[in-house]
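S.K.: What follows is each chain in one-letter form.
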Amino acid sequence: MTPLLFIEMTAVVVSALYGILLAARKGMDVMGVFTVAFAVAFGGGTLRDLFLDRNPLFWIGNPHYPVIVFVISLLSGLILGHLRRIRPLLPLPDALGMALFTLTGTAYAADAGTSAFVAVMLGVITGTFGGVLGDLLCNELPSLFIPSPLNATCAFTGAWLYLGLLKIDVPERYALVAGILLIVAFRLAAIRWNWTLPAVREVTGKGPRP
Amino acid sequence: MTPLLFIEMTAVVVSALYGILLAARKGMDVMGVFTVAFAVAFGGGTLRDLFLDRNPLFWIGNPHYPVIVFVISLLSGLILGHLRRIRPLLPLPDALGMALFTLTGTAYAADAGTSAFVAVMLGVITGTFGGVLGDLLCNELPSLFIPSPLNATCAFTGAWLYLGLLKIDVPERYALVAGILLIVAFRLAAIRWNWTLPAVREVTGKGPRP
Amino acid sequence: MTPLLFIEMTAVVVSALYGILLAARKGMDVMGVFTVAFAVAFGGGTLRDLFLDRNPLFWIGNPHYPVIVFVISLLSGLILGHLRRIRPLLPLPDALGMALFTLTGTAYAADAGTSAFVAVMLGVITGTFGGVLGDLLCNELPSLFIPSPLNATCAFTGAWLYLGLLKIDVPERYALVAGILLIVAFRLAAIRWNWTLPAVREVTGKGPRP
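Those protein sequences? They're chains A, P and V, same order as listed. Quick note: the first sequence, position 185, residue 185 per my numbering, numbers continuous. Quick note, my numbering runs 1000 ahead of the 1-based positions in the second sequence. Quick note, my numbering runs 2000 ahead of the 1-based positions in the third sequence.
There may be inaccurate statements among the hints.
As the list claims (entries may be wrong) - With a straight-line cut-off of 20 Å between C-alpha atoms, the simulated SDA-like cross-links for lysine to any residue are: (1) 1026(P) / 2196(V); (2) 1026(P) / 116(A); (3) 26(A) / 1197(P); (4) 2026(V) / 1197(P); (5) 1026(P) / 1083(P); (6) 1167(P) / 2026(V); (7) 26(A) / 2139(V); (8) 1167(P) / 1117(P); (9) 167(A) / 89(A); (10) 1026(P) / 2080(V); (11) 167(A) / 115(A); (12) 1026(P) / 139(A); (13) 1026(P) / 1078(P); (14) 1026(P) / 2177(V); (15) 167(A) / 116(A); (16) 167(A) / 110(A); (17) 2026(V) / 197(A); (18) 2026(V) / 85(A); (19) 1167(P) / 1081(P); (20) 2026(V) / 2080(V); (21) 1026(P) / 1144(P).
For the record, the hints were derived by calculation from the structure and aren't laboratory data. Note that the structure is a prediction, hence the values are computed from the model and not measured.
Here chain A stands alone, though its shape is the one from the complex (with noise of 0.2 Å):
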């Protein structure tokens, strides 16, 4: 097994565990949370895939993925328990799986001829918008969207590393360990410090109220 199919494989199982938590709190039964886990591990892909008309979607291409995601829910009762102790174990593979589909997602746009910012918009989505879809199923504010610690901003910024790597043309597999390293970094440091963008609200030029 490869690193990097090891570590797609990790970040899918990672995801399918952060559905579980999501959807728990909601009080869903195995079919919702298979969903929730399903749209957290799969969502960003698909949406990739969709915009860009890339057949077959990932999980369709590589269908032991559904089935493990799918025996994991069936244990979601049993994992639950563990799950909360474990959870400070899961930002390192999250994030790290969170890097790798940021820059393959970024790297297929690419090659489908899409423009620079396009191609990082679609790493970005993939690598991110998997939990957004899980809090949509969860009828809850996509918490990517709200000030919180910084995740797609980290997507980002590697995204763009990685592009700007492949420009002066240093070998691919070097521009993605680049990307995944500055993506992983960014994002547990971002969770260490709590680094958060503001709420979007209007600049009055007036200093705060006392």
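Once you have looked at the hints, place chains P and V on chain A.
M.R.: This is chains P and V only, laid out in the frame that chain A set:
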């Protein structure tokens, strides 16, 4: 008109009626009622067609169906009073339609070369995700995901029976009838005796608190 | 720059501004503002392109538009204060853009060989469903679906006029201008005199209770 076409048309009408009930609860106008009724009737098949890259979409290739749903929506004020009275009659045609859509969805996916599990998933999506989209358009937690009489589970079971019978060379039409009968019987029994999946909670290993 | 291109660009900018107003009400950060603004501006056209299997998507083929929306989103804090003041000026360019998007959507669908009703539907989706997606991303009941000044109804009427004029061999450009004028006049009148569709309720046949 073949029996299958009759079931299909009835299913579209009944789905639209459920959509009207959903939308009316939210105080929507005719535009909202039409959109929700449309989503309930065609949302599952549209997701399937997008995921499998099938063209044209079901309702673009069968353009009389959107017109039927539109006319029903225009008459929804008149229909609503009667609808609440005839509502007890709806589960049978609804279950028949859900069964038919599930099995045709499964068949389309299998024909497109997906794995058996993915084919069953796409069948369940075809049969049951119209309601999910309707709930999301109404800003509600999808009832398919929370404990309520088994629905996706019936579709899931029948789709496996259908694929299993095809695998052992049962002719397609018998496999279809067997799958429909299983789904309809299972679904009506689930409604009758209120069979549900439990909500996913942590399995603590301790007995319940008194 | 042709008049149509000017209307299109203005429509994208105005849609993005409405998205900012929507997102700011929810306390979103720049990532949320950009996504909502993007959905309002391009969501309808994206649905149309996915439903018709058109490639590349509008915003992938016109990659300067996402950049414009991104820059507007970055400046949203600065823009917001002025936005509330210039808001009364927005309905005219918004109605123009909605009209243009509706009629181009109708034309694309008709060219793809859909039925007239489906072409009109896809036109209305192109012109008005960006706002629906924006509302859903903000976890709100879509304002398009509840009684508020006529919007989809104006698009619907103008799209039928446009198709009808083409049917009787009016040259395309005149049909387009006629459709745009009808939609814009109808929409502005609906806002001015608060024309709405009634909420769908049961028609009981009895008079209202005193």
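S.K.: Against this structure, judge whether each hint is valid.
M.R.: Results for each hint:
no. : hint              : verdict
1   : 1026(P) / 2196(V) : holds (16 Å)
2   : 1026(P) / 116(A)  : violated (43 Å)
3   : 26(A) / 1197(P)   : holds (14 Å)
4   : 2026(V) / 1197(P) : violated (35 Å)
5   : 1026(P) / 1083(P) : holds (16 Å)
6   : 1167(P) / 2026(V) : violated (52 Å)
7   : 26(A) / 2139(V)   : holds (16 Å)
8   : 1167(P) / 1117(P) : holds (14 Å)
9   : 167(A) / 89(A)    : violated (35 Å)
10  : 1026(P) / 2080(V) : violated (31 Å)
11  : 167(A) / 115(A)   : holds (13 Å)
12  : 1026(P) / 139(A)  : holds (16 Å)
13  : 1026(P) / 1078(P) : holds (17 Å)
14  : 1026(P) / 2177(V) : violated (37 Å)
15  : 167(A) / 116(A)   : holds (10 Å)
16  : 167(A) / 110(A)   : holds (12 Å)
17  : 2026(V) / 197(A)  : holds (14 Å)
18  : 2026(V) / 85(A)   : violated (32 Å)
19  : 1167(P) / 1081(P) : violated (47 Å)
20  : 2026(V) / 2080(V) : holds (14 Å)
21  : 1026(P) / 1144(P) : holds (19 Å)
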